[in-house]
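Enquirer: Add chain B to chain A, keeping to what the hints say.
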Amino acid sequence: MAVKVSLGENESYRLEWIEPLGADIESPTRRLRELGGPGTSVFQLLPNEEVSLLITALPAMKRKQMVAALQGVLHREKGGQQEEWVVDYLPLPERVQAGPRKLRSDLSALFVRRIVLEHQYGLAKGLGIRPKGLLPGYLALDQLYRRHHPVTSDDEVWNLVYLGQDDKFLCVADEHCLLFTRPLPADLSGGVAQGEYVERLAAEVERSNFFAQQAERSMQVQRIVVCGDPDLAPALVEKLAEMSDFEVQNWRAEELFAIDDDTVVWEHLIPLAAAVAALFAPVYNLLPQEVQEKKQRVARRYAVAATGAFGAAVVPILLLGGLWTTHIQSLYLSEAREQIEEGERRVEEAATSYLHDRVLRSRQESVDRYSRELPDFAGLLRDIAVRTPATVVYSTLDVREETAGVYRLILQGESIAKDGTRAHETFLEFLVALTDCRRIREIKEPTYLEISGAGEDGPPHSRVLFTLEYEILSGGET
Amino acid sequence: MIKQPHFHIRLPRHSVMVGTIILLWFALFLGGAMPAWKKARRNEEKIASTSARLASLSQWSVAGIWLAEEIREWEPVQNKTYDRLFPEAKLREDLFLDLVRVANENGIDPIRILEAPHAFRPGTEIWHDDYDPDEEMDDEALEIDVLVSEFAPDLSALPGDELVAHRALVSFTAEYSKLASFLDDLQTIPRALSMHRLIATSRDKGVEVRMELDFYVQKQD
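For the protein sequence lines, the chains are A and B, in the order given.
Residue numbering for the first sequence follows my numbering, beginning at 76 and increasing consecutively.
Residue numbering for the second sequence follows my numbering, beginning at 6 and increasing consecutively.
Just chain A, with the same shape it has in the complex:
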């Protein structure tokens, strides 16, 4: 039988098709050819009775030597030549051990006779299919169970009981590996004495639990999981629950598969489990050595061919790419050169315009500066005249440009009266009047001040000689 599954939603799978394989099949069907196509991952089931498990401990060594050592162990225990055995193994986590065994590694080994493996592989090859892996049914079921029941506590051991239509077996496993498997007896009564048969099955399960305790790793089963036949499994679950204190579950593995027709899924659970295993990386690899080597040779050849192709392709790619790139760059540079010439011509004009603009701005500054109205000198002279008392006389009125547009007024004169007090009072009135003038601002106190007495020739009088300095304010300034 050949089945094809694909990944579905929510950790489920979709059963694409089931193809029965008769012993007399002559040529592969369309579906089988599909399995032989590229990119398809195919696992082939091996008969349970032909593949065995071995839990052992060996000194740590390299993989190839370990395989040879395991072949030696099998040769010693099972007979035949060492090379007759195809072995693969899974290293187990180290346990705390006392004495000389502490340097040994625990292994879970899977082995099969080479002749059986090659025969089975030959069957698939005859149909144009090259399996990626070969595994027994119990291992496929164990992998499926692990995938959907992640172990939550250390040292958990379970007993997975499968009740198929033809095959019935149990697998005792822990979180690391499958520990051992046992076939279960068939119902010889043809379903007539189911109660009796269930009791027999329960006794076998009990026995296997006990055996697990006595085996190499001394495991205590904590859970029994029953799957398969929907009529028989609940009865066995009930019986086991009565007989022991274990946690007993009925696992309906068939519910993991979505189907479009009325296929009875539980009857094909083992092939389906193998098909699911093919979707993921194999745990053990029991491919014949020469197949593995051939695959490696093919991989090496592909690598060499790929390297050669890369080397052969990269030189012309680099050469043509380089030439093409320089060609494109040259075109761009040539075009850019013309643009630069044109741009330089325009910039020459721009430079002239820029200079021209600067000249105009400079000229405008001159226009603005010299077209300003002069301070109102006439108004200032009139204002001063109005504020000047009759007894105050100027000797000099000096208006001078300090800096551009800033003028200073310097007044020199005298205030004359009959006596000094009167002359000075008049001078002070004059000072106050000038201070009130909004056209000028006093810069400092009088730079020169002299009060002198009467002269000898004329009538008696006094005078105050002064020099005053003011800044002339422009129009609106006060």
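For the record, the hints were derived by calculation from the structure and aren't laboratory data.
Being a predicted model, the structure only gives us computed values, none of them experimental.
Just so you know, not all the hints are guaranteed correct.
Stated by the list, open to error - A few chain B residues that face chain A, going by a derived Cβ cut-off under 7 Å, partial list only:
no.: 1; residue: Pro92
no.: 2; residue: Phe177
no.: 3; residue: Ala205
no.: 4; residue: Ser207
What the hints assert, rightly or not - Computed beta-carbon distance windows for the label pairs:
no.: 5; chain 1: B; residue 1: Leu102; chain 2: A; residue 2: Glu525; range: 42 to 50 Å
no.: 6; chain 1: A; residue 1: Ala508; chain 2: B; residue 2: Glu120; range: 35 to 43 Å
no.: 7; chain 1: A; residue 1: Arg436; chain 2: B; residue 2: Glu93; range: 14 to 22 Å
no.: 8; chain 1: B; residue 1: Leu163; chain 2: A; residue 2: Leu524; range: 53 to 61 Å
C-beta atoms are modelled at their ideal positions from N, C-alpha and C, and glycine is treated no differently.
Expert: Using the frame of chain A, we list chain B on its own:
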């Protein structure tokens, strides 16, 4: 006769062929592909500098278009005012005539006017004949200088913007009120005039006035 042993190494034919092809390929790589890519790398640098140059030129070009338009509208308007305020020639006789006219209109007569012997740079008290405006250059002027040196535009068509100041010495005697009126009417003279100094000294018949008036002329090359 002793037969001399000789060694002959025979390589498989396909190994020789593969080796030859690899050597040829390697030679092609070293002689063709590598130089082509090196040239491409060099061109990349050229392209980067060319692009930067183009961007800079483009910026200047756009600025130039905008400035040319502004100049075309602004210059004729400015020229009228500029030429009135700052004639190209000194035109001293016209200015003196204007000053005399203003004095006479205000009842001032006689009036004495003469020109100070030295021209000077406006805004300075340094009296000299040949000052050089390029002595003081700011950053913007330097930028222009770089631009001019790179693209060497024709500057002969550009108008000048430099002025030369001249000083007129005016003296007269008048009544105080007439002096004020005279100062009022100076504003009617169309040229740019600035008063540098005014000294009014009291005399028996009014005030004696001495004035220094600055006037400006466009500097000729």
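Enquirer: For every hint, state whether the structure bears it out.
Expert: Right, here's what the structure says about each hint:
| no. | hint | in the structure |
| --- | --- | --- |
| 1 | Pro92 | violated (12 Å) |
| 2 | Phe177 | violated (15 Å) |
| 3 | Ala205 | holds (4 Å) |
| 4 | Ser207 | holds (6 Å) |
| 5 | B/Leu102 to A/Glu525: 42 to 50 Å | holds (45 Å) |
| 6 | A/Ala508 to B/Glu120: 35 to 43 Å | holds (39 Å) |
| 7 | A/Arg436 to B/Glu93: 14 to 22 Å | holds (20 Å) |
| 8 | B/Leu163 to A/Leu524: 53 to 61 Å | holds (57 Å) |
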